[in-house]
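Asker: Residue numbers (our numbering), protein chains in the order written: chain A, 11 to 291; chain B, 19 to 310.
Bear in mind the hints are in silico, worked out from the structure with no lab data behind them. Among the hints, a few may not be true.
As the list claims (entries may be wrong) - Just the calculated beta-carbon pair ranges, DEER-fashion:
no.	chain 1	residue 1	chain 2	residue 2	range
1	B	Ala108	A	Val136	36 to 42 Å
2	A	Asn222	B	Ala291	22 to 28 Å
3	A	Gly63	B	Thr220	36 to 42 Å
4	A	Gly193	B	Asn225	45 to 51 Å
5	A	Asp192	B	Arg35	25 to 31 Å
6	A	Gly257	B	Ser99	34 to 40 Å
7	B	Asp88	A	Asn222	37 to 43 Å
8	B	Ile142	A	Gly193	37 to 43 Å
Think of the CB as a built atom: it goes at the ideal place given N, C-alpha and C, for glycine as much as any other residue.
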Amino acid sequence: MLVFLLPSAIPLALFVLGPMVAAAWISLTEWNLLAPATWVGLDNYAKLLTDPGTADVFLHTAMYIVGYLPLVYVGGLAIALALNTALRGRTLLRGVYFLPVITSWIVVALVWRWLLNPSNGVVNTVLGFFGIEGPGWWSDPAWAMPSIILASAWKDVGFVMVILLAGLQAIDPELVDAARVDGAGWWRRLFSVTLPLLSPATFFVVVISLINGFQVFDQVYAMTGGGPGGASQVVVQQIYDLTFRYGSAGEASALSWLLFLVILAVTVVQIRGQRRWVNYG
Amino acid sequence: MADATTDTRTEPTTARRSPAARAALTRSVLLHVVMVLGALAMFFPFYWTLVASFSPGTGLSSTPRIVPDDPGLDAYVQLFSEVPFARVVANSVLLATVTTLVQLFTSATAAYAFSRLPFPGRTIVFGVYLATMMIPLQVLVVPLFAEFRAFGLVDTYLGALLPTFAAAFGIFLLRQAMNQVPVELDEAAAIDGAGHFRIFWTVVLPNIRPALATLAVFAFMGSWNSFLWPLVVLRSPELQTLPVALAGLQGQYTTEWDVVMAGSVISILPMLAIYLFAQKYVIQGVANTGLK
Chain A
11 MLVFLLPSAI PLALFVLGPM VAAAWISLTE WNLLAPATWV GLDNYAKLLT
61 DPGTADVFLH TAMYIVGYLP LVYVGGLAIA LALNTALRGR TLLRGVYFLP
111 VITSWIVVAL VWRWLLNPSN GVVNTVLGFF GIEGPGWWSD PAWAMPSIIL
161 ASAWKDVGFV MVILLAGLQA IDPELVDAAR VDGAGWWRRL FSVTLPLLSP
211 ATFFVVVISL INGFQVFDQV YAMTGGGPGG ASQVVVQQIY DLTFRYGSAG
261 EASALSWLLF LVILAVTVVQ IRGQRRWVNY G
Chain B
19 MADATTDTRT EPTTARRSPA ARAALTRSVL LHVVMVLGAL AMFFPFYWTL
69 VASFSPGTGL SSTPRIVPDD PGLDAYVQLF SEVPFARVVA NSVLLATVTT
119 LVQLFTSATA AYAFSRLPFP GRTIVFGVYL ATMMIPLQVL VVPLFAEFRA
169 FGLVDTYLGA LLPTFAAAFG IFLLRQAMNQ VPVELDEAAA IDGAGHFRIF
219 WTVVLPNIRP ALATLAVFAF MGSWNSFLWP LVVLRSPELQ TLPVALAGLQ
269 GQYTTEWDVV MAGSVISILP MLAIYLFAQK YVIQGVANTG LK
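Throw the hints in and build the complete structure from the sequences for me.
Answerer: Dropping the structure here:
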């Protein structure tokens, strides 16, 4: 038994569980990665909880989630519903919509930074044809986060689509037909039959999207670096900066533990709340 | 997208065909048009990346055309001559290949233990394994960096590789697949005198090939696209991986978008090839995780 378990148990213990415990200890020290760490107790947590900057990075992360989640869910659902009908070239279309999922976040961020270039990017050029003056996108504090959200939704909509499509295909078509016979229109069938039956897939999408949303980093790092002027500084970017730019590894570990606790709390609340709306037939 | 089609359904019609049939046809045509336009919009950033990479001098003042006027490979030449880019590509290939092979091994053995070997505390150990999926990498970065520095692993391939050697996702995926393989097959082999190693190798593994393919694609993709840990642990330019080097390019060539886009094309192509080849396994893998 051990022979089969050890190849995975050793790396998980050394590179996940061990560091997880170590992070808790580091979060109770002041440490710049170089000089020996000094014990400061809960000072890092106290500092974080009173620093308005902490509220800012959580607020920006929340803004990201609030913008991103409805966009990928509604977009993914619309595509999945369309692909679940008798459509020619379904496999090809599904393949194209899924394509951005296999691309790295860095490439997505770079390509969108280029598409959304304020001076000569293709998006503003096209808007210009219609006489609309495009915004400054990532160079404008007000538009930096919407730019990140747009790029992220483009990348992830195909992932959501595939999960919802699998959920739709598991629904018994007779139930939808029965509603049609009873005279229910398209919207009525969607809201009263399809969506309740799709709720397990929706639940999965929401749980995963929130876990990933709180950890948003790669695309922020490459698109704005948290700027301009900190307008898109998210939690993980802050952890990275605290560690490698400001030499506050202790504070960074405290912030990462706060983030973990927030993710854990949000996930537990969702799992406990699922009975109210998730329908496991 | 779907709402556009619903509106047409109620529109009155004067055609010779029956109104219902005509409305259904309109709806179908409209849906096809919308979906194809949507797919083109989704694909456009890829196309634009490709065009920009073949349009020399694309920068602050010029925007490429839909069809490049004067296509050239200048950006690619510049990329490989000024940055150790061939080395960067080789690094990514090496790390992704090793990660994939090791993860297949550690996931398959662990999945076999959880699927076939009853041992005390199995449920609890499996629970701990699953819980590691919820721990964000960001929490681990600082202590991992300190740990690896103490052992001289910073700025080495091994340092980049070690944390990827075991992943709960793969173990979970393969365990699900192994649970579908009938235990009677094991028993038949056991009667013939096969031990666990032979049952594992000759009975269970050949029966979960699709799941192994799915895991291989995901492990490769995860490594190929990973950013935060390689960014932290690989410091010298000649050890960097593609995503890290690309992020660096952007700072270096802020005005030369053709070079940055050429790098992006090179980063996308291998994944695209794997995707075209194994599309079924990728999409099935995602669909299954949602249905668990």
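Asker: Starting from the hint 36 to 42 Å, judge whether the C-beta atoms of glycine 63/A and threonine 220/B obey it.
Answerer: Since the Cβ atoms of glycine 63/A and threonine 220/B sit about 59 Å apart, the hinted range of 36 to 42 Å is violated.
Asker: Do the Cβ positions of isoleucine 142/B and glycine 193/A conform to the proposed distance bound of 37 to 43 Å?
Answerer: Given a distance of about 53 Å, which is not inside 37 to 43 Å, the answer is violated.
Asker: Starting from the range 37 to 43 Å, see whether the pair aspartate 88/B and asparagine 222/A falls in it by beta-carbon distance.
Answerer: holds, 42 Å
Asker: Quick one: are alanine 108/B and valine 136/A within 36 to 42 Å, going by C-beta?
Answerer: Given range 36 to 42 Å: holds, Cβ gap about 39 Å.
Asker: For the hint 22 to 28 Å, verify it against the beta carbon of asparagine 222/A and that of alanine 291/B.
Answerer: holds, 26 Å
Asker: Quick check: does the Cβ-Cβ distance between glycine 193/A and asparagine 225/B fall within 45 to 51 Å?
Answerer: holds, 49 Å
Asker: For glycine 257/A and serine 99/B, compare the CB-CB distance with the range 34 to 40 Å and indicate the outcome.
Answerer: With a Cβ separation near 36 Å, glycine 257/A and serine 99/B satisfy 34 to 40 Å, so the hint holds.
Asker: Between the beta carbons of aspartate 192/A and arginine 35/B, is the distance compatible with 25 to 31 Å?
Answerer: About 27 Å separates the Cβ atoms of aspartate 192/A and arginine 35/B, which means 25 to 31 Å holds.
Comparing the model with each numbered hint stated earlier shows that hints 3, 8 do not hold.
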